[in-house]
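Undergrad: Chain residues, written in single-letter form:
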Amino acid sequence: MLSRDEAQVVFFTLEVAALATILIFPLALAAALALARYRGAGKGALETILSLPLILPPTAVGLLLLEALSRRSLLGSWLAAHGLEIVFTWKAVVLATGVMSFPLLVRSARTAFEEVDPRLVGLARTLGCGRATAFYRVTLPLAWRGVLAGTVLAFARALGEFGATVMVAGNIPGRTRTLALAIFHDNQVGRDDRAVVLAGVTVALAFVALWTTELLSRRLGGRAEE
Amino acid sequence: MRTALFVLLALLSIPGAGSGEDVTVFAAASLSDALEEIARGYEQASGNKVVLNVGATSDLARQIQAGAAADLFFSADRAQMDVLEKTGLVRGADRVELLSNVLVVVVPAAAPTRVGSPADLASLRRIALADPEAVPAGVYARTYLESIGMWSALRDRVIPTLNVRAALAAVESGNADAGIVYRTDAASSRRVRVAFTVPPESGPKIVYVLAPLATPRRPAALDLARRLGGPEARAVFEKHGFRVLAPR
Amino acid sequence: MIEIRLELPLAGSDLRVEAELPAAVTAVMGPSGAGKTSLLEAIAGLRRRARGRIACSGAVFLDTERGVDVAPEQRRVGYVPQDAGLFPHLTALGNVRFGARGDGGRVETAIDTLDLRPLLARRPASLSGGEKQRVALARALATSPRLLLLDEPLAALDVELKERVLPYLMRIRDEWKVPMLYVTHNVGEALALAGHVLLLRNRRVEAQGRPLDLLSSPGLTGEAEAGIENLLPGRVLAHDATGGVSRVELQGGIPLSVPLAATRPVGAPVMVAIRAEDVLVSSAPVKGLSARNVYEARVEALERTGIDVTLMCALPAAPSPWLARVTPAAVEALGLKAGQPVWLAIKSHSVRLL
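Chains as they are written, first to last, in our numbering: chain A, 1 to 226; chain B, 1001 to 1248; chain C, 2001 to 2354.
Derived by calculation from the structure, the hints in this document are not laboratory data. No experiment lies behind these values; they were computed from the predicted model shown. Virtual Cβ for every residue (Gly too), placed ideally from N, Cα, C. A few of these clues could be false.
[What the hints assert, rightly or not] Part of the chain A face toward chain C, derived, beta carbon under 7 Å: (1) ARG119; (2) LEU123; (3) THR126; (4) CYS129.
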């Protein structure tokens, strides 16, 4: 069905999407918690900035990342000085997919956290939990479904990321070519037949991802809480 | 307020000066600067409007095959034109081989990299090429490297880009250590310098082919095609660094 | 002793409370919006904008002048909200164990005190209101708190459940000896549990003192609800099967006939509950009445409670007054006033054994 190279592309895509999701997970939860709990100056601005990758064209996001990493920028020159290369490597793929998926996870997690009765958190504090412990023992267990849904969504988004990735990581076979990029490339060089096969793989992956969430959510949640 | 809007809309719907037509040209990315200049002159003279769509020749050919409406196709190699001719979208008799170009190896202008010969490329980490699988500029570059036996050594360092201008941009930004582009592209940018010119004799034969699409084949399109072969256009092409081929 | 000098900014007007509460049970009472819940939350450490000084049995929770503001998790204050606030994702046992440190000892004692053994594996969603409150109480107790804050713990329960849970609260007070602040609208609960009353109105302290003294103040008008105003401890004396009654001796040697409760062993301690509205009041000695329990008493005070009038009647031998509820028309008709001798009649059927 799939050639050796194509199989490599599939595994690479899965690895990169998983890594990106894992890396953004703690950051996104922290951001979601901050947005859910705190009221104050600057919250609106923070919300907007965090949501930008959701609304901006992925290519625009990719361009911003490219600028931020270019040798002329502060970050870029620091990286260059330390011999760290990100652009045109798999690290750029992780970065681009992570950035694009981030707001999705933040949104889902934030809604989930907001639905947890804050009084329960207060009660946990009186029972001896510090802020962090109250989060782990009360907020997170009560919000896990929303967080899980957000994580799967982020993962699925990472699987399909194209615009930002192609800008900042390029479409280098064997090194940064993800499924989405491979489909594009096959179409570009007139190999639509292979492009269709790869597209079929993405459908299958998305199906599995979504079905797993359904299953998990029903098994772990539904029965125990009747 | 509403009256102002109506007036604005009315003004916008008035066709431009002259009852001109639109001529759509799909052209290789390397031709963009030269064609823009030629198009401006043509528009003033004829009253027609030129719609210029530049990109990787392979990409454009694919678009035309998929049904994109184009009047003229200006390809950076014979292979892509052949594809269209085989599918009947272009008539063989209409093809004109207009231009040639030269490949160069460029490096970032500020970088101290020295590439005196192709062998020096082996010491570099990243080399940007337009996609060597399909885009003419990349295919030419690969053909050249294969001919000197360096392709297998270098293929892992290749960063394939969407088109030749993207390869140029990668070198300009320093994200690639070097790139192989057309001499005309290198000339258009101050942020790269030419490190090494591929000798035309040992390099692949670069041929730009122009042809009108079999349909619609409008008079305005044929007119522009003729002008592109004419003396004024020739002067512009040469100014940008292209080599104009002797007319057939 | 609990020392409170609190200033808390709130929507509307700020809460300002200055009080020194004895280290037993204090009932916190007052109209809705008076600031009772906010006071409890501030003491628990859940209101970060609180200013002033709060100390409990020597432990300082808050002292703005000295820059002390102890985090809630360090205060060791047990908080039981009105609807129990159980963690839905844990079983009853999980809830009780939640804040317990290291030793399981306190947890087991709390479970036993509140009779939770049969409920431990159940989830909050499957528990009744009264069961939830008991779990919440045990959860707070299991942390060995130095102070218990109870926010209308019985308010959401119907009368029968109230009667069932109240004895547990008394048990906590007597066996665990933890000081409590107990928010309630119910005069009966306050009388049953508290040794001190703090009355709030409009975000300020209106009065504080002994329950009896305060109950004659106009402050509680309209707030008290019907319920188990009379909770009397006693001992089972004897059972009379043919007569269909059991005899109980209340504190002070007062005899009481209750419906036959043969299951209770003779000599066993028992808690008796009588609703104030079930106490009949007569201005003349009672004869020929079916009610078995008639007592001579003296009206100590009259208090308007809602549309009715509550009478505090002192019996010669009883340690605390009994409450009777009558209509204003009755007060008028009988010419009831403070100091007047009356006769109280209670049907044995009106008595409930807890």
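Undergrad: Confirm or reject each hint.
TA: Against the structure, the hints come out as follows:
| no. | hint | verdict |
| --- | --- | --- |
| 1 | ARG119 | holds (6 Å) |
| 2 | LEU123 | holds (5 Å) |
| 3 | THR126 | holds (4 Å) |
| 4 | CYS129 | holds (6 Å) |
Comparing the model with each numbered hint stated earlier shows that all of them hold.
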